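Colleague: Sequence:
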Amino acid sequence: MTKSWHVPLVEGLAVVGIAVGLVAWGADDTAPLKLTVRSRLKTDTDSPAAPVSKTLEWQPRETAIIVCDMWDRHWCKSAERRVGELVGPLNEMLKAARSQGVFIIHAPSSVTDFYAGTPQRTLAQNARFSATPIPLSTSPRWGTAWCWTDGAHEGVLPIDDSDMGCDCIEKCAIEPPWTRQNAGIELFPGDALTDNGQETWNLLQERGIQHVILCGVHLNMCVLGRPFGIRQMTKLGKDVVLLRDMTDTMYNPERPPGVSHFAGTDLMVRHVETFWCPSCDSSDITGKPPFRFRMTSGAPFTR
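For the sequence shown, the positions run 5 to 307 when my numbering is used.
Hints in this document: simulated from the structure, not taken from any laboratory.
None of these values were measured; they are calculated from a predicted model.
Treat each hint with caution, since some may be false.
[Stated by the list, open to error] Calculated lysine-lysine pairs in the BS3-like style (CA-CA distance at most 25 Å, straight line):
1. Lys292 to Lys38
2. Lys239 to Lys99
3. Lys239 to Lys58
4. Lys58 to Lys38
5. Lys292 to Lys46
6. Lys58 to Lys292
7. Lys46 to Lys58
8. Lys81 to Lys175
9. Lys38 to Lys242
10. Lys58 to Lys242
11. Lys38 to Lys81
12. Lys38 to Lys239
13. Lys175 to Lys46
14. Lys242 to Lys99
Please put together the full structure from these sequences, using the hints given.
Modeller: Below, the structure is given as structure tokens:
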């Protein structure tokens, strides 16, 4: 396999990468990030609570964005196509966040070996060890540790993904084809790359980062369950926010509750807002309109 990754200015030179990264880290981050976040209270009925909004002001140097599983390929063609739509706007959002001093962690699960020797991978591996306040989840799933659905903390997921969520007319074979993060997401000096919970924690603690923003795919699976995902980061005591316009689900509308794919994603966002963390739009970072998938009618993808 021929490796290629984007490192602006000088490719593959760790010393230069670190130097440039320090310059980027010294960007003007005196202005706080102002995030208009939405959350919901738990209720004793099946009816969702009305959303509650407030504004958070986070210092950029105390904030990280974690990009979950934005792979180059996916076993489901519908999912792969939607990632293809999302990747450009997500990359632009990361540029805007990075320019404000936010720390970027790329987390393409199970393909970190592709990036062996890069400054981003080395940065994560060499981060100073820091003990976690509670034990990290160690149960294996899909190539990493997994933080499973917690019945004591959250309700049943609102969408049935027991068929793994392929919404193509001709169902795809579940044969993982991914080899790297999508090349449309640039790796810059000063970014880190890991799919490991301890390395993620080390990176955050080494920089005094308390605030974590999650984006990427898929919300009902990896964004919640990975060792760097919403459940684990929340349990570790971090302040967590989901970028609700920069995520997607694995959901087949043929399964309960029988709504469109995008309505299913909305239900998952509501679930996260109720049980785990608030959400916001990427417009709070970019100043541009929120991202929207081109096909929002819920019609299945035809290969």
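Colleague: Does each hint fit the structure? Answer for all of them.
Modeller: A quick look at each hint next to the structure:
{"no.": "1", "hint": "Lys292 to Lys38", "in the structure": "14 Å, holds"}
{"no.": "2", "hint": "Lys239 to Lys99", "in the structure": "28 Å, violated"}
{"no.": "3", "hint": "Lys239 to Lys58", "in the structure": "22 Å, holds"}
{"no.": "4", "hint": "Lys58 to Lys38", "in the structure": "10 Å, holds"}
{"no.": "5", "hint": "Lys292 to Lys46", "in the structure": "31 Å, violated"}
{"no.": "6", "hint": "Lys58 to Lys292", "in the structure": "20 Å, holds"}
{"no.": "7", "hint": "Lys46 to Lys58", "in the structure": "17 Å, holds"}
{"no.": "8", "hint": "Lys81 to Lys175", "in the structure": "9 Å, holds"}
{"no.": "9", "hint": "Lys38 to Lys242", "in the structure": "18 Å, holds"}
{"no.": "10", "hint": "Lys58 to Lys242", "in the structure": "18 Å, holds"}
{"no.": "11", "hint": "Lys38 to Lys81", "in the structure": "36 Å, violated"}
{"no.": "12", "hint": "Lys38 to Lys239", "in the structure": "24 Å, holds"}
{"no.": "13", "hint": "Lys175 to Lys46", "in the structure": "36 Å, violated"}
{"no.": "14", "hint": "Lys242 to Lys99", "in the structure": "23 Å, holds"}
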